[in-house]
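Trainee: The primary structure of each chain is shown beneath.
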Amino acid sequence: MIRMDDKKGKGALSRRGFIAGATAIGAGMALAGCSGSADAEPNASGSDSAMDAAAAAAGAASCCTGCSALCAFRACLRTAENGDAGIGRFLGSAAHPESVGSLCAYGYASAEMLVSEASASGAEGEAGRGGAPLRRRDDGSFEETTWDDALARIGEALAAAKGQGRSVAVLVDECDPNGRYLYGLADALGSQRVYSYASDGGSDARCGELQAIGASRTVPDVEQARLVVVVGASSGRMTPGHAARLTAARERGAVVVLVDAMVPFGMPAVDAWVPVLPGTEAALLLAGAAALVREGLEAEGASACVEGLDAWRESLASCTPAWAARKTGASEADVEAFLARLCAAAPACAIDASCPGSLRFGNAAETARVVCALNALLGAYNVAGGTFVVPETSWDAAARHYATGSAEDEDRAADGGFVPRADGGAPLARVEAGSLFDLVEGIEAGEIGALVTGAPEVLAWACDAERAQRMLPSLDVSVSICAGQGQYARLCDFVLPRCSSFEEPGLPHVAYAQKPAVCRSAALIAPADDVRPLRDVCCGIAEAAGVESSFAQEIDARAEAFLADAGLSSEALGDSGSVQVASLGVSYGDAPLFATGSGKVELRSAACADAGALEVCGFADAANAAPENGVFRLLVAALPVTSAARASSKAVRAFVGKERLDRMLINAESARTLGIAEDDEVVVSSSSGSQTWRARLVGHIHPGAVFLPLAAVEQDDGLSPLLLVEPHATAGFGAPDLSQATVTVRKVGA
Amino acid sequence: MEFEPIWGAPIAMYLFLAGLGAGAFVAATAAGRMAPQAKRTVRAGRVIALGAVAVGLVLLMVDAKGGFLHPWRFALLLGNVQSVMTWGVVFLAALVVIAAVVVVRDLLKKSVPFGLEATGCGFAIAVAMYTGVLLGVVKTFPLWNSAVLPFLFLVSAMSTGVCAVFLFARLVCPNEVEKLAFLEHVHGWLPWVETVLVVALLFFVGLSSEAGAASVAALLTGQWALVFWLGFVVVGLALPLVLHLVQGRVGAGVRDACGAEVHGACPRVESGRACGAVSDAATIVGGFLLRYLVVMAALPVVLL
Amino acid sequence: MTRYGMLIDLERCTGCLACRSACQRQNSLPADMGFIRYEHEEQEAFPNGRPSLVPVQCMHCEDAPCVSVCPTGASYVGAGGLVAVEEGKCIGCLYCVAACPYQVRVRNEETGAVDKCRLCAVSGVDGSHGCTCVDVCPTQARLVGDLDDPDSEISRTIARRNAQPLSVGLTKAKIYYAR
Ligand SMILES: Nc1nc2c(c(=O)[nH]1)N[C@H]1C(S)=C(S)[C@@H](COP(=O)(O)OP(=O)(O)OC[C@H]3O[C@@H](n4cnc5c(=O)[nH]c(N)nc54)[C@H](O)[C@@H]3O)O[C@H]1N2
Ligand SMILES: Nc1nc2c(c(=O)[nH]1)N[C@H]1C(S)=C(S)[C@@H](COP(=O)(O)OP(=O)(O)OC[C@H]3O[C@@H](n4cnc5c(=O)[nH]c(N)nc54)[C@H](O)[C@@H]3O)O[C@H]1N2
Ligand code: SF4
Ligand code: SF4
Ligand code: SF4
Ligand code: SF4
Ligand code: SF4
Ligand SMILES: [Mo]
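Protein chains in written order, with this note's numbering: chain A, 1 to 750; chain B, 1 to 304; chain C, 1 to 179.
Just chain A, same shape as in the assembly:
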């Protein structure tokens, strides 16, 4: 195990030193970069290109871990000669499909936290970054300890748990490119209980997609589409690339239609908005499929590539516009207009469900299945303006089945086949990313004896803090390995300070597109005192627990092999750390690769039936209490600049407040009927509690829904809108569901 003994003083960047141009591939190699710090060259001036050239020399590839898009960027480094020494501007990678040369507001805001964390001040609300490992005392307070002590104790406890036949669960943040080392650790400990509920959130929808088309990634061909249907957008996940594509499509003459309960902030202009109640979009899409059948617009080859199409086609008869209008709460005129647009544009219709907003809510999995069916019916797969089916790379397939480890599975994965990490049965989400509810129940039932996690706050989805407070201490040991200490981290027995993404090199990751991009980030700055890269921590835990730590080298070797296969070298990855690899993608007319049992799109799923979800893809009438006077469906989401998970900095909250984005959004008409005026204080109540917000009356939200922003206000006073949502799982799939919350709204004093 590599130790980083030559610590640099933490504090100001100038003292930490930059690791510019540390482009060594593979974590093992790049660790060397942590000790040798090359100071950046002065950023020459004169002309744009001279500046960029100089900046390139003084920059390093990095990636944003703000969300699962993992946008690649080049961080320019400043030196004393050209201003204050420190990390300068971030230039998004042009080759990265989600970054397309920039970062989003949240990307900048979260990078800012890392920069200030790396500097002397430290991020607000994130205590103890870069300090020594912490061990929780019985009274809940923490004491500092040494790495040796912490690892020894953790190893002992893990061995004990294993000895008692209790398993070690690993919870991984999927927007962590190095999360694979945690998978490796789980594998070394012989654990199948790997949870990666997933910073892209969409595990539910991903499961639905897996059932319908297998382990492929779908990418809407927005560039060539005549009609783009955005199913559920969100300010929180409008990546720069996504916004750019939608805007370009519209300027090119494509019609862009948004299907969502609201038009979120940061949403590019759309030609039409079909305001639907949350969780009902599948009904609209089914009506679309029915219309295509009615109009005889079904694609020629559809029957050949869809399993069970005949039966499904018949079942569509009842999906009339009137039915869809009733189910979705949209007007019949809006539904008809939508259907007309769909029929007119077929097959160049890109159903764009790439914002997880559409994917992590009630009916998300069903919606994803319906999207697959509709695409197949349209014949939209791999045609211009439709949807690309991009095969999953061997590198990602390996991560997904790594924990099973069997040679047979490895072969299947190598062939691009899907190897479930755990066998079928409920909940289905376990197959894709693990169901957090499964994890929580496993701990409470005593099946799980230890938890090692890089993303403790993720637990918030499945259990509230009180439940976690009872649950986590019942474990033999719980370990949080992360850069900060949130509420859930503070409930763990050990808090191990880990490098930030600016301090440790990342494993390669793939951004799926027609031409996927392969990206890799370097370490930008030398680590603060005592923090270690995740790789080291995982190896250290394995060694202390008396199991093999060679998994790390194996992962590094796989990474090398993957890059070599893709024909990539450090130079090719360039200084933005990102390069398009056409050979990993698809071309128009390629036969779509459906990695299902039949090799076709499957409308019927035995696994779904077993798990208690709909057997045939369709619309599961959700528990959508039809909103009535004073009763609303609750929408909760991040703003473009706030965090979905952690508290925003004071500065961000102040900014958001000043821009009046910290308000509850309510349809102006609905508000008026309740006697609510602009800026009025209102009480929002659900079965889980009541909160007071200020109202903003708008025209861009469904009359039956209200929106509350995440992390827009001080959350310590219990004002997180998430507290209004009882944690619960979706039927059959078992992924966390945020949308099934109904609230009442009334004016304060009324």
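Keep in mind the hints are simulated off the structure, nothing from the lab.
Cβ atoms here follow ideal geometry from the backbone N, Cα and C, with glycine treated the same way.
It cannot be assumed that every hint is accurate.
[What the hints assert, rightly or not] FRET-style restraints, in silico, Cβ to Cβ:
id : chain 1 : residue 1 : chain 2 : residue 2 : range
1  : B       : M1        : C       : E110      : 20 to 26 Å
2  : A       : A272      : B       : L303      : 57 to 63 Å
3  : C       : M33       : A       : E714      : 53 to 59 Å
4  : C       : G78       : A       : R660      : 42 to 48 Å
5  : C       : E109      : B       : A93       : 27 to 33 Å
6  : A       : E336      : B       : M1        : 36 to 42 Å
7  : C       : V168      : B       : R33       : 51 to 57 Å
8  : B       : A9        : C       : E110      : 18 to 24 Å
9  : A       : A272      : B       : V302      : 27 to 33 Å
10 : B       : V81       : C       : D151      : 36 to 42 Å
11 : B       : Q223      : A       : S685      : 27 to 33 Å
12 : C       : T157      : B       : V302      : 25 to 31 Å
13 : C       : E109      : A       : R660      : 18 to 24 Å
For chain A, the structure is supplied; the task is to place chains B and C with the ligands on it using the hints.
Mentor: Chains B and C with the ligands alone, transformed into the frame defined by chain A:
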């Protein structure tokens, strides 16, 4: 965007003190010329003038954070002849210097040349108007951007200045008060003029633009209504007016009943003094609230 | 003469707030300080309502009230018609902040001096760090260039789109908005 007032209480206080100081200087000069026997009052007026203006300037400097952290930057204050603030600084500086010379000469019991005092009065009036012009040239805020404001502030400055001088006289040397009857007469009328000007300001501003109307609404019925009505109108305007009327009668009665020489012993004189003091203090409070409200309630023009 | 200006295409701008965050990063502004703010446009009624956040920053006015009111001369019109603040001269009296009709000046609480958008897209060419708000805009809603050159991309686009300053007739602003 949620609008936050740019300046707060310190600047309102600065505008108020500069005005009060200017008013006090003028009042002291007038008293010194027309009632030279009222020596203590005259001297106090001069000291008040110097003190108020100086304290106001310190407030300005503390609020100007960049200058506070790098005081030598204040040397640049004359850097832009176009700037009203530059001119204000010239006026203020001149007033401070003149007031200081006057006070020193007074304390040294030397005569104060009329020319000096007259020049000082000129600067004092300039300072008083400047406090209004400073805000008045700012087009962003309709509540400020009005030709009425400099005159309103001028009147209020004179009013508060005179009241400060009177307050001192009433509390410390009541025997000098009567010698200042002519000033008392003038200062009794100032609130009336001020009322007319305030009504005019609100009327014109309210009609001028959306933001103007919103600012006026904020004063009359909105966020600032309580301070405006209770503080400024009732305490700052109505109370002095009423007291002035009452006090006039009380005072008159005193003279009839007890004769001119009687001081202190007569309860009616006592209550007349108290009335006057309360009225003066109320006017001073009202003067501050006027600046404060004008600074705080102004809303910017809507751009979109 | 070179007269720099910017064009913001509101048909493209999504109000994503990235320009503000990026500017803050590149200029190492304190966390509570930003050069770009957002104005909300009038809301239309459901179902035509759209959220709209219009970016507003220093307009580099030709008739710049911030410059004429500044008592120390810290605010000045520099090369290329760019309005700038010389930090070393600014006493932080906030007179310019009040005078700017666009409310885009902010005090740096660390230095006490006032600052605002430096149109660094332009100054970048002259050797400073270059501009991020233009680069990062995901929808390329922003253009920077010489307004006096009729053949510059910005001049042609302004003409073609009939772009106008935020408030016509006020201060001769040099940031144009295409709608
Ligand atoms: N109340 C509530 N809870 C939620 C959610 C919600 O919306 N509301 N959302 C849920 C969702 S979708 C998710 S994904 C989870 C997120 O849960 P977490 O993944 O736990 O989220 P964060 O708190 O954003 O990040 C975890 C830690 O990583 C650190 N960090 C940031 N950048 C880096 C880096 O580059 N490297 C390293 N090593 N560390 C870094 C941060 O300082 C932070 O302490 O929360 C879930 N929980
Ligand atoms: N700014 C910012 N961006 C982020 C993050 C962040 O913290 N801040 N976190 C990242 C992470 S970890 C995640 S998981 C993602 C989360 O990104 P998303 O999954 O997109 O989640 P939210 O941002 O919460 O947006 C929820 C959206 O879904 C809509 N919605 C709610 N219920 C339903 C429904 O039933 N159907 C449909 N169609 N729409 C519904 C709401 O109107 C809202 O627009 O964001 C990522 N991006
Ligand atoms: S979309 Fe934004 S938050 Fe997500 S990775 Fe890209 S820049 Fe970061
Ligand atoms: S926008 Fe404001 S700060 Fe910029 S030049 Fe104009 S008045 Fe001055
Ligand atoms: S704050 Fe600075 S730049 Fe603004 S007017 Fe005052 S001295 Fe000039
Ligand atoms: S031009 Fe430069 S200073 Fe101005 S907003 Fe853009 S990035 Fe910020
Ligand atoms: S980055 Fe571009 S799209 Fe986003 S708010 Fe700024 S100008 Fe608008
Ligand atoms: Mo997430």
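Trainee: Take the hints in turn and mark each one as holding or not.
Mentor: To see whether the hints hold, each was checked on the structure:
no.: 1; hint: M1/B / E110/C: 20 to 26 Å; verdict: holds, 23 Å
no.: 2; hint: A272/A / L303/B: 57 to 63 Å; verdict: violated, 30 Å
no.: 3; hint: M33/C / E714/A: 53 to 59 Å; verdict: violated, 20 Å
no.: 4; hint: G78/C / R660/A: 42 to 48 Å; verdict: violated, 34 Å
no.: 5; hint: E109/C / A93/B: 27 to 33 Å; verdict: holds, 29 Å
no.: 6; hint: E336/A / M1/B: 36 to 42 Å; verdict: holds, 40 Å
no.: 7; hint: V168/C / R33/B: 51 to 57 Å; verdict: holds, 55 Å
no.: 8; hint: A9/B / E110/C: 18 to 24 Å; verdict: holds, 23 Å
no.: 9; hint: A272/A / V302/B: 27 to 33 Å; verdict: holds, 30 Å
no.: 10; hint: V81/B / D151/C: 36 to 42 Å; verdict: holds, 39 Å
no.: 11; hint: Q223/B / S685/A: 27 to 33 Å; verdict: holds, 29 Å
no.: 12; hint: T157/C / V302/B: 25 to 31 Å; verdict: holds, 27 Å
no.: 13; hint: E109/C / R660/A: 18 to 24 Å; verdict: holds, 22 Å
Hint compliance for this structure: hints 2, 3, 4 are not met, and every other hint is.
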